[in-house]
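Engineer: Residue-level listing of the chains:
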Amino acid sequence: MGASIPQLLVNGVALGAAYALIALGFVLVINAVGVVMAGGFVAVTITEYLTPWANDNLPDLAFIGPRASAVGLGLVILPLTMVVMAVLGLLFSALAYAPLRHRPPVSVFISTIAVGLILQHGANAVFGPEPRVGPPLVVDGNFALGPITLSIQQLSVIFAAGCLITGTGLLLSRSQLGRQLRAVAQDPEMAEAIGISAGHCIAITFALAVALAGSAGMLLSNQFFVAPSDGGLFMLKAYIAVTVGGWGRLDGAAFAALLIGVFEVMMAAFVSYVMAEALLYAGVLLVLLVRPSGLLRETIQRRT
Amino acid sequence: MKAGSLRNVGIMAALLIAPVAFALSAGGYEQRIMTLAGIYAIAVLGYQLIFGRLGALSLAQGSFFGIGAYTTGLLGIHLDWAFPASFLASLIIPAAIACIIAIPVLRLESHYFALATLGISQIALLVGVNWTEGTGGANGLYGVPPLRILGTALDSSEAMLVVVWCVLASAVLAFSCLVKGRAAHRLTLLREAPEAAVTAGIDIGARRLSLFVASAAFGGAAGALQAHSIGVVSPAVLEFQVMVSILAMTVIGGRGHPAGAILGAVLLVHLPEWFRFLEAHYLVAYGAALLVAVIIMPEGLAGLFRRWLVTQERWAPEPPRTSKPEVPTTLAVLHLVGLCKRYGGVVALDNVSITVVPGEILGLIGPNGSGKSTLINVASGLQTLDAGEIRLGNLDLTGMPAHGRARVGLSRTFQTPVQALGLSPLESVLAACPAGLDERRAERHAAACLSAAGLTAPAVPTTSLSPAEARRLDLARALASGPAVLLLDEPAAGLTPAERDDLACCLKHLTDSGLGLLLVDHTMDFLLPLADRVICLATGSVVAEGPPSMVARDPAAIAAYFGEPPP
Numbered sequence: 000m001g002a003s004i005p006q007l008l009v010n011g012v013a014l015g016a017a018y019a020l021i022a023l024g025f026v027l028v029i030n031a032v033g034v035v036m037a038g039g040f041v042a043v044t045i046t047e048y049l050t051p052w053a054n055d056n057l058p059d060l061a062f063i064g065p066r067a068s069a070v071g072l073g074l075v076i077l078p079l080t081m082v083v084m085a086v087l088g089l090l091f092s093a094l095a096y097a098p099l100r101h102r103p104p105v106s107v108f109i110s111t112i113a114v115g116l117i118l119q120h121g122a123n124a125v126f127g128p129e130p131r132v133g134p135p136l137v138v139d140g141n142f143a144l145g146p147i148t149l150s151i152q153q154l155s156v157i158f159a160a161g162c163l164i165t166g167t168g169l170l171l172s173r174s175q176l177g178r179q180l181r182a183v184a185q186d187p188e189m190a191e192a193i194g195i196s197a198g199h200c201i202a203i204t205f206a207l208a209v210a211l212a213g214s215a216g217m218l219l220s221n222q223f224f225v226a227p228s229d230g231g232l233f234m235l236k237a238y239i240a241v242t243v244g245g246w247g248r249l250d251g252a253a254f255a256a257l258l259i260g261v262f263e264v265m266m267a268a269f270v271s272y273v274m275a276e277a278l279l280y281a282g283v284l285l286v287l288l289v290r291p292s293g294l295l296r297e298t299i300q301r302r303t
Numbered sequence: 000m001k002a003g004s005l006r007n008v009g010i011m012a013a014l015l016i017a018p019v020a021f022a023l024s025a026g027g028y029e030q031r032i033m034t035l036a037g038i039y040a041i042a043v044l045g046y047q048l049i050f051g052r053l054g055a056l057s058l059a060q061g062s063f064f065g066i067g068a069y070t071t072g073l074l075g076i077h078l079d080w081a082f083p084a085s086f087l088a089s090l091i092i093p094a095a096i097a098c099i100i101a102i103p104v105l106r107l108e109s110h111y112f113a114l115a116t117l118g119i120s121q122i123a124l125l126v127g128v129n130w131t132e133g134t135g136g137a138n139g140l141y142g143v144p145p146l147r148i149l150g151t152a153l154d155s156s157e158a159m160l161v162v163v164w165c166v167l168a169s170a171v172l173a174f175s176c177l178v179k180g181r182a183a184h185r186l187t188l189l190r191e192a193p194e195a196a197v198t199a200g201i202d203i204g205a206r207r208l209s210l211f212v213a214s215a216a217f218g219g220a221a222g223a224l225q226a227h228s229i230g231v232v233s234p235a236v237l238e239f240q241v242m243v244s245i246l247a248m249t250v251i252g253g254r255g256h257p258a259g260a261i262l263g264a265v266l267l268v269h270l271p272e273w274f275r276f277l278e279a280h281y282l283v284a285y286g287a288a289l290l291v292a293v294i295i296m297p298e299g300l301a302g303l304f305r306r307w308l309v310t311q312e313r314w315a316p317e318p319p320r321t322s323k324p325e326v327p328t329t330l331a332v333l334h335l336v337g338l339c340k341r342y343g344g345v346v347a348l349d350n351v352s353i354t355v356v357p358g359e360i361l362g363l364i365g366p367n368g369s370g371k372s373t374l375i376n377v378a379s380g381l382q383t384l385d386a387g388e389i390r391l392g393n394l395d396l397t398g399m400p401a402h403g404r405a406r407v408g409l410s411r412t413f414q415t416p417v418q419a420l421g422l423s424p425l426e427s428v429l430a431a432c433p434a435g436l437d438e439r440r441a442e443r444h445a446a447a448c449l450s451a452a453g454l455t456a457p458a459v460p461t462t463s464l465s466p467a468e469a470r471r472l473d474l475a476r477a478l479a480s481g482p483a484v485l486l487l488d489e490p491a492a493g494l495t496p497a498e499r500d501d502l503a504c505c506l507k508h509l510t511d512s513g514l515g516l517l518l519v520d521h522t523m524d525f526l527l528p529l530a531d532r533v534i535c536l537a538t539g540s541v542v543a544e545g546p547p548s549m550v551a552r553d554p555a556a557i558a559a560y561f562g563e564p565p566p
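As they're listed, the protein sequences go chains L and P. Under numbering that gives the first Met the number 0, the first residue of the first sequence carries the number 0, and numbering increases by one thereafter. Under numbering that gives the first Met the number 0, the first residue of the second sequence carries the number 0, and numbering increases by one thereafter.
Please note: incorrect hints may appear among the correct ones.
What the hints assert, rightly or not - To be clear about the criterion: a stretch of chain L counts as covered by chain P if any three or more of its residues have a C-beta under 8 angstroms from a C-beta of chain P, and this derived list gives those stretches: (1) 87 to 100; (2) 140 to 151; (3) 194 to 201; (4) 236 to 249.
As the list claims (entries may be wrong) - Derived, one-sided and incomplete: chain L residues facing chain P with beta-carbon distance under 8 angstroms: (5) 106; (6) 124; (7) 287; (8) 288.
Said to hold, decoys possible - Beta-carbon label-pair distances, calculated as ranges: (9) 141(P) - 272(L): 24 to 32 angstroms; (10) 250(L) - 395(P): 40 to 48 angstroms; (11) 285(L) - 394(P): 33 to 41 angstroms; (12) 78(P) - 129(L): 38 to 46 angstroms; (13) 193(P) - 8(L): 43 to 51 angstroms; (14) 513(P) - 285(L): 48 to 56 angstroms; (15) 106(P) - 274(L): 44 to 52 angstroms; (16) 168(L) - 78(P): 57 to 65 angstroms; (17) 78(P) - 144(L): 58 to 66 angstroms.
Read the hints as simulated data drawn from the structure, not as lab findings. Don't be surprised by glycine CBs; every beta carbon is placed ideally from N, CA and C.
Work out the full structure: start from the sequences and follow the hints.
Structural biologist: Okay, here's the thing in structure tokens:
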């Protein structure tokens, strides 16, 4: 394939880090409302439209000048995308979750798919269906480290994803908002009893989750030649990461996502893309056969 | 036949005939759409078994559909198999595959089960797309022969429509046979109160296997008809989109009733047609319609007609009054020998040995965390034992699954009983009656258990039971399997003094027939007068044992509750 092992490793980690961002969003929503946000992939899809559009139009809007000079524009687009996606997350919570909060999880599962369909095909109608390439995060080009050449874009993707993951972790563990979100996730009634609005916290969780998935879409939009219709495939990988990593565990999901990314890139390079996919699913079945509740233990324990 | 079932048959017949009549009068295009609706309805019926009735979120139903289509395609094109044979094969092969994958997959819980079935369906898709010599790869298989019955090729759209809806009618019949009467109640109990169900002797593994295999056969049948109807099999039949459609039809139509399968399939197959005038935006409208449907119809389309559709016979207003249960109490001694159970570093049970003899009430006391609930959980088989032995009479129950223990006569109640709200109290108890009883005897037995448990006003929905009545229902259900020994986990918690006295009286009465009771409770003025013997547990070990009055004065028991007295 021509790529060296370190470079492949970096590619794999970058892909895995993007999966991890999507998976983190899933875990947040799962903990808060017990539902897989199946339509959440639309966040990835829409950023695949949004970031090339922003890349083309933002310099004009801001009078920065022609596109060629816009080095580092990606660094502006990333937070902007996340803000737009957070608003979309609020929409998700209001349309797909709020009307159904007393219903079984599978109803919400379907309703998120429905909202996903509406948003995806709405975006399709606005932006047109052809796949486009987004901006690099900082700058294109390679970075030589002795005999090894690494892509700057991939390294910056890993760095940005690392920052976002750490930031999410700190937000949840250290901030008052994070404590409130976790309180609602553990016991919404008790949280309400001590004055936390479960409704608001759940809406914020959705916003955060969709923003994280959107950031993954932005980070992927430059390198991986993703068509908007590939959002579903990303969500599938994130779902695998969430489940294999131990339902409801942030660290487990992130860890499993990295494994999946590296596995996929390595297998695709040395065997074939199809075998990479097939072996991934076979591997998942094997993991479930040996450890029926994921690689790491679930944190939530039931009582009889 | 009861009036309710008669009306049910009438409605189902109307639902099966009306769409066909409409399509026949509407012309060729509508006939093809309605044929597709009929095909999907068959797959949805199968999915209702595993997902709607049993509550297991399988994501492999779309793949069984695809495998059925490929089976028909491959056999028809390469081996010239004709309709009845290739159709049967399209039922059997998905069912056989379901049997094989059931071994690793069926023991998984909820989302792990969903992921495993999703993984399997992705592998099926990869095989379909990439096994070019066999499946034709991305191009698929062309020229699937039309349906042929008695030498006549049924290649007109009218004929296909009628055949598909006839198969759908037989599928509805098969569905009704699989989940009628007590079988349906057992599934509801398994879905809504799984722990209560397995400790009432219902084998969850066997139900899952049979329904998973049946759902695969339904899916395969639908796929086979699809292959005949369009003459082409492409990998699109294995794509996840098929599964999402089936799931959406099940939720929109209604999860448990065959009417829901038909209504959901007819509606969702037609929706894109109705929105076709929107051209490129029709999927936006489709999504919006799906969202509105989920929001405004909690129980799906079938729920709108719930008043007329009887899934299960409701509570009979006046239960037949009999005093004697149909299943006599067998007399057996329960031996719990040297039980040990650890959670990580915490020792919950440390070499505990207890014997319960027929007709006695053995009280088990101890402070919180002393291992009382763990003892009941390991004895009833909900938790595994680290060491020790459990015997009932001369049967060894140590390695037996929870449902097996209930069947041989060891039953339990729960500290916080979970009720199946979809069942009336009588149906809950019926679900727990031994399978050997016929319907009439089971109904008499269930009524006797309810009155033995003191549930005197049972003609109410389960949702409106008071906490005390819910405990009585839990007790009745535990009695239904005909136990020799009954384990009661804090049955008096949360009861008023009057309700407690009532319960004491009822429990005393139960032991008359030789039933042995192991009674865990904190309320001393309830337990001490009632128990024949009392055992006190503290930090996983027996610290005192004897007549109630002695244990109440025992220094070790007092220390366990109040701490060491000052020297």
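Engineer: Now tell me if each hint is right for this structure.
Structural biologist: Going down the list of hints, with the structure as the test:
1. 87 to 100: It holds, with 4 qualifying residues against the three required.
2. 140 to 151: n = 0 at 8 angstroms, threshold three: violated.
3. 194 to 201: violated (count 0)
4. 236 to 249: With 5 residues close enough to chain P, the hint holds.
5. 106: Holds - the Cβ of residue 106(L) comes within 8 angstroms of chain P, reaching about 6 angstroms at its closest.
6. 124: At about 6 angstroms, which falls below the 8 angstroms cut-off, the nearest Cβ of chain P leaves the hint on residue 124(L) intact, so it holds.
7. 287: Where the cut-off is 8 angstroms and the nearest Cβ of chain P is about 5 angstroms from residue 287(L), the hint holds.
8. 288: 5 angstroms, holds
9. 141(P) - 272(L): 24 to 32 angstroms: 27 angstroms, holds
10. 250(L) - 395(P): 40 to 48 angstroms: 43 angstroms, holds
11. 285(L) - 394(P): 33 to 41 angstroms: 37 angstroms, holds
12. 78(P) - 129(L): 38 to 46 angstroms: 43 angstroms, holds
13. 193(P) - 8(L): 43 to 51 angstroms: Cβ of residue 193(P) to Cβ of residue 8(L): about 44 angstroms, so the range 43 to 51 angstroms holds.
14. 513(P) - 285(L): 48 to 56 angstroms: Between residue 513(P) and residue 285(L), where Cβ atoms are some 51 angstroms apart, the hint holds.
15. 106(P) - 274(L): 44 to 52 angstroms: Since residue 106(P) and residue 274(L) have Cβ atoms about 28 angstroms apart, the given range 44 to 52 angstroms is violated.
16. 168(L) - 78(P): 57 to 65 angstroms: Check passed, 58 angstroms falls within 57 to 65 angstroms.
17. 78(P) - 144(L): 58 to 66 angstroms: 60 angstroms, holds
Hint compliance for this structure: hints 2, 3, 15 are not met, and every other hint is.
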